[in-house]
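Kindly produce the complete structure, drawing on both the sequences and the hints.
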Amino acid sequence: MRDANSCARLLALSGRKGFWLILLAWFAHPSPVRTQTEGTIEGVLPKSSAELVIPILDLRYKSLQECGVGENFHCKDGLGREHMNARGKRIGELVAHLVDSKSLPADRAMAVLLHYDVGPSEIEDIRTALTERGKIVLPYLLKYKDRVPRIPSRDYPEGMRNGREFEQALFGDLINSIKKGKTN
Amino acid sequence: MSSTNQQTSRGEACQTSCSVVWSAEPVPEFPQASYYRARYYDSSGGRFASEDPIGFDLGGLNFYTYVENDPTALVDPLGLVFCVYKVSHHYLVCNSDDGKRWFDTILIRSGYGPDCVNNKACEAKPGGPIPQGDWTFGRIGDTPPHKGPQRIPIWPKSGTNDYGRSPGFQAHLGVNIKSSNGCLAINDPDYHRFLNFFATDNGGSLSVRP
Chain A
2 MRDANSCARL LALSGRKGFW LILLAWFAHP SPVRTQTEGT IEGVLPKSSA
52 ELVIPILDLR YKSLQECGVG ENFHCKDGLG REHMNARGKR IGELVAHLVD
102 SKSLPADRAM AVLLHYDVGP SEIEDIRTAL TERGKIVLPY LLKYKDRVPR
152 IPSRDYPEGM RNGREFEQAL FGDLINSIKK GKTN
Chain B
-3 MSSTNQQTSR GEACQTSCSV VWSAEPVPEF PQASYYRARY YDSSGGRFAS
47 EDPIGFDLGG LNFYTYVEND PTALVDPLGL VFCVYKVSHH YLVCNSDDGK
97 RWFDTILIRS GYGPDCVNNK ACEAKPGGPI PQGDWTFGRI GDTPPHKGPQ
147 RIPIWPKSGT NDYGRSPGFQ AHLGVNIKSS NGCLAINDPD YHRFLNFFAT
197 DNGGSLSVRP
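The listed protein sequences derive, respectively, from chains A and B. For what it's worth, the working numbering labels the leading residue of the first sequence as 2, then goes sequentially. For what it's worth, the working numbering labels the leading residue of the second sequence as -3, then goes sequentially.
Hints were generated in silico from the structure; no laboratory data involved. Hints are not guaranteed to be accurate.
[To be verified] In silico lysine-lysine, BS3-like type, Cα no more than 30 Å apart, as pairs: (1) A:Lys144 / B:Lys153; (2) A:Lys77 / B:Lys116; (3) B:Lys116 / A:Lys103; (4) B:Lys143 / A:Lys146; (5) B:Lys116 / A:Lys90; (6) A:Lys144 / A:Lys103; (7) A:Lys63 / B:Lys116; (8) B:Lys143 / A:Lys90; (9) A:Lys180 / B:Lys143; (10) B:Lys153 / A:Lys183.
Next up, the structure:
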């Protein structure tokens, strides 16, 4: 019944101006099968932070699509490896720019990125930058510690996440360090 | 800086003495020996002279054991630095291109948190130590801009299974004493000693072993 209603609504919308443009945009964006864990989604990431996060996560997502991850990884050499390395270099540059930004949208973006596997040194740089920013980032860390915001027009797979245990450790250590007034 | 007896080829031990030992402290009583943080390297014998005092169950392990008793076979193919990182012992040992300079440290961490630091079982996970296999050291500073001392990128060689975790591995100064996210984080003073050691060849190979 619900499906029939959805189809009817879709047909009705198809006559409206801009419908096909929206549909095209929807198909152009990554739309992986698996989404963020149920019950952990917290609101929508504001546009100003989403604009900083999306280019990084899109690159990571492309590598995951092409090469897999963890035990399913299959780009130990060849073209896939080269593509992955090139994307990795770009991710490194984008994260370097982000940690240097020193703005509230960047702080929020960094807190959200702690949930994603964007590279070992990149996560370390984000950790260091957040620690240096100090108490100003605490609200973001506390807000996103247990929850991942929905990223507008994206639905990244679980495989891009750092894993619950690691994420908890990252957030927990950072929050404790900042509360104690540590700067590195 | 002079050497009384130059080596004839990479990997051979010095025949009489090597005074060019940049990464070690000279030992006045034993001119042929240099103190390498934790033990002595006898340049006349071309190998570590003392037992490993680290306290781990190394079973008499030295560089010769690390390179499977064939130090001339396990070298960097481009003639640069060759290093072995033993994850479970958090021990890094390196040989320079000319075989005259050595570096080793235990002030090193790879992996995050009490469960995954230097724990091979975590190598496939984000936050685990650098996965075992063969890696290439890039050039010093060939990394995105960042604060602090220069870093060295580490790329997987063809065939190394990094589980899709890299690129992004680096050798860098250990800021957090307890852990890294998988990078080779070397605490000072050893990190700056490593940079000095590495700078001459500025590139090389890394073999990561369990």
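We went through each hint and held it up to the structure:
1. Between A:Lys144 and B:Lys153 the CA atoms are separated by roughly 40 Å; this puts the pair beyond 30 Å, and the hint is violated.
2. Distance hint between A:Lys77 and B:Lys116 is fulfilled; the C-alpha atoms sit about 19 Å from each other, no more than 30 Å.
3. Of the supplied pair hints, the one linking B:Lys116 and A:Lys103 is violated, its CA atoms being roughly 36 Å apart against a limit of 30 Å.
4. Under the criterion of a C-alpha separation no larger than 30 Å, the hint pairing B:Lys143 with A:Lys146 is consistent with the structure, at around 26 Å.
5. The hinted pair formed by B:Lys116 and A:Lys90 meets the criterion: a straight-line CA distance of about 26 Å does not exceed 30 Å.
6. A hinted pair counts as satisfied when its Cα atoms are at most 30 Å apart, and A:Lys144 with A:Lys103 qualifies at roughly 19 Å.
7. Of the supplied pair hints, the one linking A:Lys63 and B:Lys116 holds, its CA atoms being roughly 27 Å apart against a limit of 30 Å.
8. Between B:Lys143 and A:Lys90 the alpha-carbon distance is near 17 Å, which keeps this suggested pair within the 30 Å criterion.
9. Taking the CA atoms of A:Lys180 and B:Lys143, the gap is about 23 Å. The hint holds against a cut of 30 Å.
10. Distance hint between B:Lys153 and A:Lys183 is unfulfilled; the C-alpha atoms sit about 38 Å from each other, more than 30 Å.
Checked against the numbered hints listed earlier, the structure breaks hints 1, 3 and 10; every other hint is satisfied.
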